[in-house]
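Numbering (full-length UniProt numbering), first residue to last: 1 to 131.
No lab work stands behind these hints, which were simulated from the structure alone.
Any given hint could turn out to be false.
[To be verified] With a cut-off of at most 25 Å between alpha-carbon atoms, the simulated SDA-like pairs for lysine to any residue come out as follows:
hint	residue 1	residue 2
1	Lys41	Ser65
2	Lys41	Thr61
3	Lys41	Lys117
4	Lys96	Thr82
5	Lys117	Ser105
6	Lys41	Ala93
7	Lys41	Leu20
8	Lys71	Leu11
9	Lys41	Gly60
10	Lys109	Ile85
11	Lys41	Thr16
12	Lys109	Gly25
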Amino acid sequence: MNALAAIGEALVLIGTFFYLLSALGLIRMPDVYNRMQTSTKSATLGSLGVMVGVGIWALGTDFGSAAWLTKTVVIAIFLLLTNPISAHALIRAAYKSGIPLWEGSVVDKYREHLEGKEKAPEETPKEGGEE
Numbered sequence: 001m002n003a004l005a006a007i008g009e010a011l012v013l014i015g016t017f018f019y020l021l022s023a024l025g026l027i028r029m030p031d032v033y034n035r036m037q038t039s040t041k042s043a044t045l046g047s048l049g050v051m052v053g054v055g056i057w058a059l060g061t062d063f064g065s066a067a068w069l070t071k072t073v074v075i076a077i078f079l080l081l082t083n084p085i086s087a088h089a090l091i092r093a094a095y096k097s098g099i100p101l102w103e104g105s106v107v108d109k110y111r112e113h114l115e116g117k118e119k120a121p122e123e124t125p126k127e128g129g130e131e
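Full structure from sequences and hints, please.
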């Protein structure tokens, strides 16, 4: 075993640990919003660790090539960019469909934002540039 294989294995183990944290977050958190937040962050980190670890691990073996690392890094970047966006869309859809926050939640910034938009008068530009 060479150093690249050892580093790759370590990254895969670290990624697996973050997957475990993600599963625990799904079990322990009280509402859909907290569950989604914890699982998205730790699953993204877990995916990054596993994908990059597999690429580096493949470089350290006899059958590996730079193509493995390139492909896994591209997949990891794609996951890094899309996981938070998809989680945001799902959480926003859950909020708009009326799924309540946990009763222990103290702050609801999105409700404050929506109420602020409703209260603010719409400014319409006047014709002729006069104010």
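Given the hinted pair Lys71 and Leu11, is their alpha-carbon gap at most 25 Å? Holds, because 16 Å separates the two Cα atoms, which is no more than 25 Å.
Do the alpha carbons of Lys41 and Thr16 lie within 25 Å of each other, as the hint requires? holds, 14 Å
Is the Cα-Cα distance between Lys117 and Ser105 25 Å or less? holds, 22 Å
25 Å limit on alpha-carbon distance, applied to hinted pair Lys41 and Gly60: violated, 29 Å
Hint check: Lys109 vs Ile85, CA-CA at most 25 Å. Holds or violated? Status holds; Cα separation ~18 Å.
Sort out whether Thr82 lies within 25 Å of Lys96, counting only the CA atoms. holds, 21 Å
Sort out whether Lys117 lies within 25 Å of Lys41, counting only the CA atoms. Roughly 29 Å between the alpha carbons, so the hint for Lys41 and Lys117 is violated.
With a cut-off of 25 Å on the C-alpha distance, tell me whether Lys41 and Thr61 pass. Not OK: Lys41 and Thr61 at ~30 Å, beyond 25 Å, violated.
Check the hint pairing Lys41 with Ser65 against an upper bound of 25 Å on the C-alpha distance. With a Cα-Cα distance of about 30 Å, the restraint between Lys41 and Ser65 is violated, given a limit of 25 Å.
Sort out whether Leu20 lies within 25 Å of Lys41, counting only the CA atoms. holds, 12 Å
Between Lys41 and Ala93, does the CA-CA distance stay at or below 25 Å? holds, 19 Å
Agreement of Lys109 and Gly25 with the hint, judged by alpha carbon distance not exceeding 25 Å: Holds, at about 22 Å.
The structure is inconsistent with the numbered hints 1, 2, 3 and 9, although it conforms to all the rest.
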